[in-house]
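Trainee: Given next are the chains, with one letter for each unit.
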Amino acid sequence: MAKTILDMDVVIVGAGPAGIAAAVTASRFGLKTALVEDSPGPGGQVWQETPSGRPWSRRWLNRLRACGAQVLGGTTAVCPVDQRTLLVETLDDHHVLAWRHLILATGARELLLPMPGWTVPGVFGAAGLARLAKNGWPVAGKKVVVAGSGPLLLPAALTLKRYGARIALIAEQAPIGRLIGFALACMYLAPAKLLQAWLYGLRLANVRYKMGCWPASVEGDVCLKKVSLVHKGLKIAIDCDILACGFGLVPNLELARLLGCSIQQGVVCVDQWQRTSVPGIYAAGEQTCIAGMEHAILSGRIAALVIAGQYQEARPMLGACSRARRFGHALARAFALRPEVLGLADQETIICRCEDVTAGQLQPYTDWRKARLMKRCGMGPCQGRICGAALSHIKAWPYPTARPPLLPTRIATLIEGTMAVQKAANEAKGDQI
Amino acid sequence: MKLTCDIAIVGAGIVGTACAYYLAQEGLKVIVIERGPVGGGSTGSCMGHIVVLHDSVPHLALTSFGRQLWQQISLGLPEGVEYNQCGTIWLATTQQQIQQLRSQQTYYNQYGIATQLLDQDALCDAEPCLRKGVAGGLYVPDDAVIYPPAAACYLLAMAQSNGAMLLQGCQVMAIGPDGSIRLQGNQIIYAGIIINAAGCWASQLDRQLPIIKRKGHLAVTDRSGAVLRHQVVEVSYLQSVRQDAGASVAFNVQPRKTGQILIGSSRQIGAEGTEVEMPVLAHMLQRAVEWMPILANLKVIRAWAGHRPSTPDHLPMIGPCPGNERVWLATGHEGLGLTTSLATAHLIANMIAGRPCQIDPGPYLPGRLLQGTYA
Ligand SMILES: Cc1cc2nc3c(=O)[nH]c(=O)nc-3n(C[C@H](O)[C@H](O)[C@H](O)COP(=O)(O)OP(=O)(O)OC[C@H]3O[C@@H](n4cnc5c(N)ncnc54)[C@H](O)[C@@H]3O)c2cc1C
Ligand SMILES: Cc1cc2nc3c(=O)[nH]c(=O)nc-3n(C[C@H](O)[C@H](O)[C@H](O)COP(=O)(O)OP(=O)(O)OC[C@H]3O[C@@H](n4cnc5c(N)ncnc54)[C@H](O)[C@@H]3O)c2cc1C
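Taken in order, these protein sequences are the chains called A and B.
Residues 0 to 432 (numbering that gives the first Met the number 0) make up the first sequence, in order.
Residues 0 to 374 (numbering that gives the first Met the number 0) make up the second sequence, in order.
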């Protein structure tokens, strides 16, 4: 059965801060707006509605509820059907959204890097585990090593501690020298962030924090038993229950890539008005620059204002947005990954978890195509989301070309969605005659 | 240094690697030249069905010989090649199609190809997920499936163990009637015989070759738990194969060893790129769902498209170019290159050695399509 197409002025993919700010702003000007979000509800990585939801996020979520935008939760953007439509799928249904303007606000995910033992149960993404804890995943009494890189390690550790975990160590791979430089840059670019970090520091006062320290391997069989780390050239072994490990964030670029938006240095290219290289398509938030929540909100608002033609209102925000981006760049420099953490995997370490491909098996290959042809690396259900990000860092392989559908999609969805678009196109032709 | 060899093969698809496989066994000095990954052309995007096709006598002869050769080497194939003799079931819905299956059977019998007619109930037992009420089927038990790029790698590795050499990452810019091959960067290789096995791109090296691209889409499901035991194809697939204009689709599904189902297939002319086209993909999936309703709720994890190298009479070009004994062709295998690769190579090896061939090479000689001489 071909379904009807939902006609929208603005379709936004991703209901994190960037998408929510864009939806609220666009609706203010009477634009018919749909906000598509994979998770059951809006919020993205930081504004999930949890019992401990912060006032700021509650304010934005209330605005979203009041603004009249159509929020499609539990809905995944699967692929475009033609140049002006997007196919989306829910647990048991699907829709076709026709758009005049499309805002991509798909955010970022944590970078996980393969190391010996990393597939043992008990190894989590650091920020991911913090989110799980907020949603009720039990961490109380668990002994946790928080390791990796980036400013999210501290809030993650703090959250875990608040939910009763015992933090054995926080290990940041970046060297202390670079972090001091970063702190100085923050005084100018983002003094509030510095204050926040300091507050985190106070609240984590009795937790061990090591800079220039990184995890090297994980031991355990049915579950994690021990984590080995490297610090000042020495190995430290820590018995623990959980390794919460993240090496920073990588933008979710799959949809942008499929839509043909130009991508450079790992982010979607946008101009100061958040326009991508494809007419009618805008991008906002973490996929344009890993720079945190304020940048996400600003860029989302700017994109929506530009669509509404409200340049007057957008212009004053440009300065703050570009400052936020510079903060992002400083962040990336400070927490740049050292070569050692890119070379943790040994021959037996699994790189592609879907297809069980090890680092040793990938050794003969020099690019994605060969690895995929011969070892099926990245051909499992996650379609290279995890190993793709890892390999682009470890081996500097460019990402493989994106093809529809982006994610495993019901066959019925692909058939009916496409037919709906074809039917509409035929009817439009009929009208013209 | 001047690089010389007895045989230079352009292209390391399934056809080029199969040629290397047999020719290196003869003790000839073989060089294979490939610009990309081994098996990364049409071979890397195809379905890997080893199937006897009765489109015409020459088709039947070449496909059944090809299948027989695969069967012969199957015991030595490494696990990664995933050779699986699952057999084909051809499906018929109308009485007329049943009749068609009967004559197909008679025809196959003459060539000693085992078959078995399935009535409605037998079909139900064989493939429980098919829609009810399919009139009947023809089971061809010796057909098989393989994982094509791994097969190409295996054939090449065997050739290398017999002394063949691979020049990878080298684009051939031109081939000369004197047996010279100019590579990008102007290096020249001299060969006693050049075999153009460049698939869809063979005509870039020789403008007179009448090869066009026929695009095909495929989609693979997740590990679904849906039952599929054989490669299952609707009998009107043959019409789709013969069709010369527009896009057509036919029901063609294949069980993978992983429990996934590979869904085909479409045919299109005049589509240069390998991007996935939603209308074609949807049309193809729709056809599959009509035959196997259970598919509607399975998930596609990946879809892609590739090109078949096709000739005006749908038969490959195998043998020397008319007027030039030093440039040979092994291309134009269209949708059957996997099946017929070993047979092609076997013919070529025998023709080069001046031995009689197992089957008549006449119908495949390039002279039928090329008037001009090479000199
Ligand atoms: C695990 C994690 C934890 C984080 N924790 C913090 C924190 O505590 N503090 C902090 O300041 N920053 C945190 N960040 C950084 C955070 O990403 C940004 O501060 C902010 O959330 C960026 O907003 P955004 O709108 O760009 O992206 P996000 O908040 O990431 O929102 C993007 C949304 O798009 C959705 N989406 C993606 N693809 C599709 C698709 N194809 N179809 C439908 N929906 C899709 C995702 O489900 C997601 O909800 C965290 C990041 C991650 C990955
Ligand atoms: C969707 C689809 C499904 C199919 N299903 C089946 C099936 O089930 N069974 C079956 O038997 N067949 C099937 N086929 C057909 C089969 O894929 C082809 O017939 C076969 O792969 C052709 O092999 P080849 O070696 O001639 O070409 P290719 O595999 O394309 O090899 C040619 C090689 O030459 C290289 N090359 C080209 N030009 C140059 C140059 N100038 N210099 C250096 N190298 C060069 C290319 O990089 C390439 O690797 C299918 C095809 C498609 C598209």
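Hints are not guaranteed to be accurate.
What the hints assert, rightly or not - Computed spacing ranges between beta-carbons, pair by pair:
{"#": "1", "chain 1": "B", "residue 1": "ASP120", "chain 2": "A", "residue 2": "PRO397", "range": "52 to 58 Å"}
{"#": "2", "chain 1": "A", "residue 1": "GLY279", "chain 2": "B", "residue 2": "SER102", "range": "44 to 50 Å"}
{"#": "3", "chain 1": "B", "residue 1": "ALA134", "chain 2": "A", "residue 2": "ASP91", "range": "31 to 37 Å"}
{"#": "4", "chain 1": "B", "residue 1": "GLN357", "chain 2": "A", "residue 2": "GLU347", "range": "45 to 51 Å"}
Just so you know, the hints here were simulated from the structure itself, not pulled from any lab data.
We put the beta carbon where it would ideally sit given N, CA and C, even for glycine.
Trainee: Looking back at the hints listed earlier, which ones does the structure fail to meet?
Mentor: Failing hint: just 2.
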